[in-house]
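Asker: So the chains spell out like this:
Protein chains: 2
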Amino acid sequence: MNVKTQNIQLEKFFNPDSVAVIGASNTPFNLGATICNALKHYLEFPGPVVAINRKAEEVSDYPGYSSVKDVPHDIDLAVIITPASVVPAFVKQCGEKGIRNIVIESAGFSEQGAEGKKLQMEINDYAKQYGIRFLGPNCLGVMNNVSRFCCFYGAYDGMVNAFNKAGGVSYVIQSGGVGVVIFESLMDDMQGINKMVSIGNKTDVDEADLLDYFNSDNTQVISMYLENVANGIKLMNVARRVRKPIMIFKSGRTEAGTAAALSHTAGMANNDVVFDSMCRQAGIIRLKSISELYSLPKMLTEMPLLRGNRIAAFTNSGAFGSISADIMTEAGLTIPRFSPETREKLSKIKGVFNINNPVDIGPALPQVYLDLIDIILAAPEIDGLLLMSSIWRDFIIDVIKEVMKMCKHYDKPAAIYTPNSISRIISVRKQFNIPIFDSLEEAVRALVVSYEQFRYLRKKER
Amino acid sequence: MNVKTQNIQLEKFFNPDSVAVIGASNTPFNLGATICNALKHYLEFPGPVVAINRKAEEVSDYPGYSSVKDVPHDIDLAVIITPASVVPAFVKQCGEKGIRNIVIESAGFSEQGAEGKKLQMEINDYAKQYGIRFLGPNCLGVMNNVSRFCCFYGAYDGMVNAFNKAGGVSYVIQSGGVGVVIFESLMDDMQGINKMVSIGNKTDVDEADLLDYFNSDNTQVISMYLENVANGIKLMNVARRVRKPIMIFKSGRTEAGTAAALSHTAGMANNDVVFDSMCRQAGIIRLKSISELYSLPKMLTEMPLLRGNRIAAFTNSGAFGSISADIMTEAGLTIPRFSPETREKLSKIKGVFNINNPVDIGPALPQVYLDLIDIILAAPEIDGLLLMSSIWRDFIIDVIKEVMKMCKHYDKPAAIYTPNSISRIISVRKQFNIPIFDSLEEAVRALVVSYEQFRYLRKKER
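From first to last, the protein sequence lines stand for chains A and B.
When the letters of the first sequence are read in order and numbered with our numbering, they come out as residues 136 to 597.
When the letters of the second sequence are read in order and numbered with our numbering, they come out as residues 136 to 597.
Simulated from the structure, these hints should not be mistaken for laboratory data.
This structure is a prediction, so every number in the text was calculated from the model and none was measured.
Keep in mind that the hints are not guaranteed to be accurate.
Cross-link-like lysine-lysine pairs, in silico, BS3-like; alpha carbons within 30 angstroms at most [to be verified]:
1) K253/B <-> K485/A
2) K485/A <-> K540/A
3) K300/A <-> K139/A
4) K252/A <-> K485/B
5) K252/B <-> K252/A
6) K565/B <-> K423/A
7) K565/A <-> K483/B
8) K252/B <-> K485/A
9) K252/A <-> K483/B
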C-alpha cells in the first residue's frame, strides 16, 4: 500500500463519520459504556454512534444492536472491547459489514501466551481477507483533539480536559498508563495535544505507519513511547523522510525492563545499542525519561532551532551561572567568552555584576535586562541563550515575554528556567504562555535537543 | 578550639539574645532595613535589636546608634551590611564592644581581586585579636526556624512562609540564590527547614564547622550546596564521625563551572575526582542536582533505611513496570524474582495481572492493594518497595497512608511515585503529608540514596 492510500485509510481512525462500540452495554463497570458516555456527554461527538451488545440495548442514549450487520447505515470505525475469545468473530462481522477500520482494545492476545497467539492469527487472517486496518489489540485507540473523537475507555475528567487545549504535539504510545500521565501533565503546561494513539500490541498498524500519517497532517512534533520497535528498518525508512521533530522514549533498555515489557505488550527485545544507532542514523531524538515526552516539545514549537552549540547563560543568581556551566559542559554545549565587541557593548550597561559569560546580574530594572539580552542575542559568537532569572518581581514575566520576541527576531532560541518553586513555574507558564522548564537540567536538555534536531534536518537536506 | 566550645560559640549565630544590624538605615533600598523589618514585623523576634548607622536613626522602630559601642546593653550578634571598605573598622568596633559573633553580608572581598583580599586580611586579623567567629563575607547569614531568627536581607513573603513549617532538614548553602529556591520549593513539599546558613566566601566559619554544629542540634538531615570545599581533610574528619545523613551538591565540576564559581564566591578549584572519592570515604551522599537538596531528605526522615538492593516494584500501569525496571537496573538496584512461597501467597489474591516482580495490578479494591503489598513487604527476598500507582481514585491516598505504616512495621522503605501531574502530586503530598516524589527517576534515586546512607552507617560503625 503506498503512503497516500494508507494515510487516507488511517484518517478514518481519527475522523470517523460513524462509530460502532462493540461490547458496550449497561452492565456495571462495562468499559465500552465509558466510551459511549464520553462521546455523548463530554465530547458531543457529532456523528452517529451505535452500541453492539447481546441484548441490543441502548447505551448512553445511543441505539443498540446485537450485530454491526443490523445497523442500517454505514460505519467507518468499529471499536471492539469484549473478551479476547470473541474478538475474531466480531472482526469477521465487521468485514462483512464493510467496516475497514477497527480499534481492538481487548487484551489477552500475544502478551498472554499460546492461546492468545492463536486468536491473534485468526484476527490477522480476517483483516487480510477484508482489507481491514486495525489498532491494537490491547490498546486504547485514538483521541483527536480537532474532531473531538476519542475511544479511550475509562475516560475521566482530566482526560476530557485535554480536549479543551488543542496543540501541535501528536503522541504514539504503547501504553495507556503513559497516556494518562501525558494528559494530566500537559494540563500543567502551556502546550496542547493534537492527536494521541495508543497502539498496544501493534499487530497491524505500527509506529512507522503513524509516523507517516502524522507527517501528513497538521502535527508539529511527533512524540512516542515505545516498549519495542515493531520493524526497525521500516521505522528508519519513514523517519528519514520526516522533517518534523520525532522524539522517542523507549523502555526495555535493560534485561529486567525488557522482561517486564514482554508481559505487558508482548514486545520482542530490541538491542538497545542498535536502537540508539538507528535513532542517530534516522534523525530520531531519543528521550531520556517519560517526562521529556511532555516537557520538551515546547522548545521546538515555541522557539527557533539552535544552530550551534555556543550558549550565553544569563542569571540573577551567581550560583546558577556556575551550576549551569557544569551542566552545559557535560551536555556538550559550550559557554564561550564574549568577543571584545560584545564585552564593550555590555560594559556600557549599568548594574551588571559580571560581563563574562555566564552573565550575572544584580537587582536591576527591566530595561537593563532587555538591553543586555539584546546585545547577547545579537552577538555572532552566540547561538542561543539559557535564561535563568528568578521571578523576584512580576516585571520579570514581562522581560521574558520580550525576550521571546527577540528570539524570533534574531532567530536564536532561549531555554527558560526560573529558579522558583514548581508551583510558581507552572502558574506563570500557564497564565502567560511562556515555555518555562521545570528544572535547570530540563532547560539545558531542551537546548541539546533543539541542536540535535537542527543537525538532523541539515543531514536530511543533503 | 574543641568541638564543644566551638558549638557553644556557633550557637550564638542561631540563637542570639540581642542583635545589631550595622548599616541598616532608612535610605531607600537599604538592605539592612529589610532585615530589621523582617525581624520586627514578620518574625516578631523577641530579643532587643539595634540599627547602627551614621545618623543614629531608628529603623523599623528599633533604636539607632552611630556605633555599637554606644549601645547600652550587651550584643550577642552583629550583622554587617555596609560597603566592603568600611567593614574592617566595624569588625574592630564589634571586638571592642565584646561582640564575638558577626555575620558579614557585604560583598567585595576575595571574589573581587587584590583590593578585596587586603580588606579580607584586615578582618581576619581583628577577628583573631578579639576571638570573633564570623560568617561570610558575601553571604546571607542565618535563619533558624525554632528561635524565629533570620538575618537574610531582602526577606520576602515566600521566605517568611518557610518559618511556618519547621522540619528536620538543616541547610548549609554557599549562595543565597540557592536558598531562595529551597525556601520556595519546600512550600511545595511536606517537609520543613530546621536551620539554614548561607556561608558565601566562608573565610572563617566553614561547612565543616557547621557540620559539627548540626551534628549536635536537633537536625535530622544535613544538606549542603557548595561551590568549593574550604578544607577537604577537615570536612572529611568531621563527616566521618557524623551519623546523620550528609548530602552535598557541589558546582564547579567542570572548568567552565569552576570559572563561574570563582567570580561568585571566590572558591578555589577542587579536583572533582578527588571530591567524589572523599565523599565515598567520608560517608557523604553526593547529590546530582540542586533539586535533590529539597526533594530527597524526605526519604530519610519519613522512611526506614533501605538495607539491601532488592526492590519490589508495584504498579497499576504495566508501562511503569518496564520503565522502572530499566531505571533501577541502571541505578544498581535489582528486581529479584519472588520466591515460590511469596508467589504462592500472591497468587491467592484476586485481580492481579502479573505476580512477577514488577507486580502489575488492574483496577482493584483497596484491600487487594494492601494484601499484596503486605505480602511483598514481608517477603525476606525483598528489601524495599517502589510504589507506583496513579491516584485514579481517592482511595489510593488511603492505601498509600496504610503502606507507610506497613513500612514502619516491617522496617523497610517504600519510595512512592504516583504517575500523575506534578500539580496533583504536590497537592496530595502537602495535604496528606505523604512523601511522594516528583518523578519516577527521583523515587528510584531516593532508594539509592537510602541504601547509600545505610552502607555508610555500617561502615562508620566498624
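Asker: All hints, please: hold or fail.
Answerer: Hint by hint, here is what the structure shows:
1. K253/B <-> K485/A: 26 angstroms, holds
2. K485/A <-> K540/A: 23 angstroms, holds
3. K300/A <-> K139/A: Holds, because 29 angstroms separates the two Cα atoms, which is no more than 30 angstroms.
4. K252/A <-> K485/B: Given pair K252/A, K485/B holds - Cα atoms ~24 angstroms apart, limit 30 angstroms.
5. K252/B <-> K252/A: 77 angstroms, violated
6. K565/B <-> K423/A: 28 angstroms, holds
7. K565/A <-> K483/B: 47 angstroms, violated
8. K252/B <-> K485/A: Distance of about 24 angstroms is within 30 angstroms: holds.
9. K252/A <-> K483/B: 27 angstroms, holds
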